[in-house]
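The listed protein sequences derive, respectively, from chains A and B.
So in our numbering, the last one in the first sequence is 262, and the numbering has no gaps at all.
So in our numbering, the last one in the second sequence is 514, and the numbering has no gaps at all.
Some hints here could point you the wrong way.
[Claimed, not checked] No farther apart than 20 angstroms at their CA atoms in a straight line, the calculated lysine to aspartate or glutamate pairs in the EDC-like style are these:
(1) 334/B / 401/B
(2) 345/B / 129/A
(3) 299/B / 401/B
(4) 501/B / 457/B
(5) 460/B / 472/B
(6) 316/B / 86/A
(7) 81/A / 184/A
(8) 345/B / 132/A
(9) 385/B / 341/B
(10) 379/B / 362/B
(11) 334/B / 135/A
(12) 478/B / 409/B
(13) 338/B / 135/A
(14) 345/B / 184/A
(15) 281/B / 457/B
(16) 316/B / 132/A
(17) 299/B / 409/B
(18) 386/B / 401/B
(19) 24/A / 487/B
(20) 490/B / 362/B
(21) 379/B / 401/B
(22) 260/A / 184/A
(23) 178/A / 100/A
(24) 226/A / 487/B
(25) 299/B / 472/B
(26) 297/B / 487/B
(27) 501/B / 472/B
(28) 281/B / 270/B
(29) 446/B / 457/B
(30) 316/B / 183/A
[Stated by the list, open to error] Listed below are several chain A residues computed to face chain B (Cβ distance under 7 angstroms; list not exhaustive):
(31) 127
(32) 137
(33) 138
(34) 233
(35) 251
(36) 255
[Said to hold, decoys possible] Anything over 10 angstroms on all C-beta distances counts as not near chain B; from chain A, calculated:
(37) 16
(38) 32
(39) 33
(40) 38
It is worth saying that the hints were derived from the structure and are not from the lab.
Beta carbons: idealized from backbone N, C-alpha and C, even for Gly.
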Amino acid sequence: MSYIKGAVEKLGHNIVVNLYELGKFTSFGLRFFYWTFRRPFRVRNIFSQFVFIGNKSLFIICLSGAFTGMVMAYQTYFGFKLINVDTLVGPIVSITLAKELGPVLTGLIVAGRAGAAMAAQIGSMKVTEQIDALEVMGINGIQYLATPRVISSCFALPILTAIFQFVGNVGSYFIGTKVLNIDEGIYFSKLSEFMYIEDMWQGLIKAFFFGFLISLIGTYFGFQVKRGAEGVGRGTNKAVVWGMINVLVWDYFLTSYLIKIL
Amino acid sequence: MQTIEYQEPIIQIKNLTKKFGEHTILDGLSFDIYKNKITTILGFSGAGKSTLLKHILGLLRPTEGSITVLGKDLNKMSEVELKEFRRNFGMLFQYAALFDSLSAYENVEFPLNEFTKLTEYEKKERVEGLLRSVGIKDESFKKLPSELSGGMRKRVGLARGLALNPFIMLYDEPTTGLDPITTKMVNDLIIDTAERNKDRGMTTLIISHDVRATLKISDFVAFLDHGKIVEYLPAEDFKNSDNPLVKEFVNL
Numbered sequence: 001m002s003y004i005k006g007a008v009e010k011l012g013h014n015i016v017v018n019l020y021e022l023g024k025f026t027s028f029g030l031r032f033f034y035w036t037f038r039r040p041f042r043v044r045n046i047f048s049q050f051v052f053i054g055n056k057s058l059f060i061i062c063l064s065g066a067f068t069g070m071v072m073a074y075q076t077y078f079g080f081k082l083i084n085v086d087t088l089v090g091p092i093v094s095i096t097l098a099k100e101l102g103p104v105l106t107g108l109i110v111a112g113r114a115g116a117a118m119a120a121q122i123g124s125m126k127v128t129e130q131i132d133a134l135e136v137m138g139i140n141g142i143q144y145l146a147t148p149r150v151i152s153s154c155f156a157l158p159i160l161t162a163i164f165q166f167v168g169n170v171g172s173y174f175i176g177t178k179v180l181n182i183d184e185g186i187y188f189s190k191l192s193e194f195m196y197i198e199d200m201w202q203g204l205i206k207a208f209f210f211g212f213l214i215s216l217i218g219t220y221f222g223f224q225v226k227r228g229a230e231g232v233g234r235g236t237n238k239a240v241v242w243g244m245i246n247v248l249v250w251d252y253f254l255t256s257y258l259i260k261i262l
Numbered sequence: 263m264q265t266i267e268y269q270e271p272i273i274q275i276k277n278l279t280k281k282f283g284e285h286t287i288l289d290g291l292s293f294d295i296y297k298n299k300i301t302t303i304l305g306f307s308g309a310g311k312s313t314l315l316k317h318i319l320g321l322l323r324p325t326e327g328s329i330t331v332l333g334k335d336l337n338k339m340s341e342v343e344l345k346e347f348r349r350n351f352g353m354l355f356q357y358a359a360l361f362d363s364l365s366a367y368e369n370v371e372f373p374l375n376e377f378t379k380l381t382e383y384e385k386k387e388r389v390e391g392l393l394r395s396v397g398i399k400d401e402s403f404k405k406l407p408s409e410l411s412g413g414m415r416k417r418v419g420l421a422r423g424l425a426l427n428p429f430i431m432l433y434d435e436p437t438t439g440l441d442p443i444t445t446k447m448v449n450d451l452i453i454d455t456a457e458r459n460k461d462r463g464m465t466t467l468i469i470s471h472d473v474r475a476t477l478k479i480s481d482f483v484a485f486l487d488h489g490k491i492v493e494y495l496p497a498e499d500f501k502n503s504d505n506p507l508v509k510e511f512v513n514l
């Protein structure tokens with residue numbers, strides 16, 4: 001009986017703690033919107049963060065995109081060959097990359113790299129009182145640190161996703177036509193027959209939301225850092241884990257909505 | 263007894279109380295901080311010094327009571343107004359809190375870039391003047407904070423704090439954990455800065471628990487214990503206070 005009581009108490013405690021954390025995150029999000037639309041607008045900071053996010057992730061995005069496209073081409077080819085539709089490898093890989101794999105894998109990669117970097121940078125500024133120094137100067141920490149990161153992330157993610165899709169398609173084309181000997185003309189004619197611009201839009205809209213979520217989560221956990229280097233490590237870890245979880249969970253909700261309107 | 267001449271209060275604290283849940287951190291504080299003077303708030307760790315400092319800066323709102331700074335009641339100001347108002351303050355943090363991605367020069371230039379419309383030439387003149395005035399040599403201007411010693415970081419932090427000509431200069435534990443030579447250097451720097459800015463009416467407020475260092479440089483000393491001001495006297499009189507807690511603290 002006491003075991004059940006203990007388990008219920010622990011469950012209740014965890015629910016309360018997580019609701020409290022969600023409340024803090026919501027409050028952070030509201031303060032972000034409040035400060036984002038107030039002057040001054042630091043365009044140079046937005047641009048430098050945009051370069052930082054892009055540079056930090058570009059190589060790994062290209063690498064992952066190429067191999068994802070190549071693996072997808074192989075897998076679909078051998079599956080489709082059984083039912084004699086192997087010429088559809090091009091559009092299937094392209095649509096999958098455009099709608100799902102492009103935005104989701106790009107989101108996961110950016111969460112692991114740029115999201116972690118955001119939490120670590122802001123966290124180390126927090127423990128060394130640099131954020132306090134900003135506040136004392138009359139500069140709002142959220143406006144100065146979170147706003148440029150979130151805005152640049154919202155625009156960097158769709159571009160990185162488009163690059164992922166393009167490189168993935170190149171990989172798929174290479175494997176499909178050069179290794180698996182699908183006729184080049186058929187490959188492209190099927191691609192233009194089944195692939196629509198709406199498929200691209202779906203992925204890019206998702207990428208925009210993932211960019212927002214990953215950076216808001218990364219900056220939030222940066223601002224929550226306490227207790228020195230250990231706290232920075234913990235904050236970075238949480239930023240990556242929650243960033244990735246949110247990409248996967250929100251992918252479902254966005255898919256179920258976008259599939260109806262596009 | 264030291265004679266207290268007429269002084270204009272620049273910070274007025276009335277019945278300031280701050281509670282975090284059940285815990286009372288500041289318990290009905292009432293005192294004034296005078297213009298052009300160096301005032302130190304002493305106290306043990308956890309006495310409420312940092313909480314008091316955050317209230318003076320408007321970073322925390324009191325549970326009860328009021329704080330008037332430069333004639334303005336901070337309770338009546340919005341977040342945006344407070345943000346603007348904080349430009350009247352300069353602050354030197356315990357570990358200087360320099361932006362680690364910016365050089366010494368860029369750290370001092372930072373507030374000028376944010377809040378002034380000075381030309382590049384005017385900014386250069388101002389930044390170099392400030393850095394030289396706190397004893398930073400030209401060859402160190404381009405160094406990152408990680409390449410500077412603790413004492414040099416404090417000097418750069420002070421130059422940054424002074425960049426916008428603040429009316430109130432705050433020092434948070436300026437000498438805590440420093441060796442005696444660096445402590446003397448920081449003390450000299452505080453006195454020198456206060457002297458050089460006296461014409462502008464700059465007021466200095468130090469938060470510390472380093473009693474020896476601060477008694478040498480302060481005009482007034484307040485002693486904070488468990489959220490209450492238990493003594494507030496001119497520095498000379500503070501040394502001879504009859505309060506047993508102050509006696510113990512001074513003789514430690």
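Those earlier numbered hints the structure runs against, lowest number first: 1, 3, 4, 5, 6, 9, 10, 12, 14, 15, 17, 19, 20, 21, 22, 23, 24, 26, 28, 30, 31, 34, 35, 36, 40
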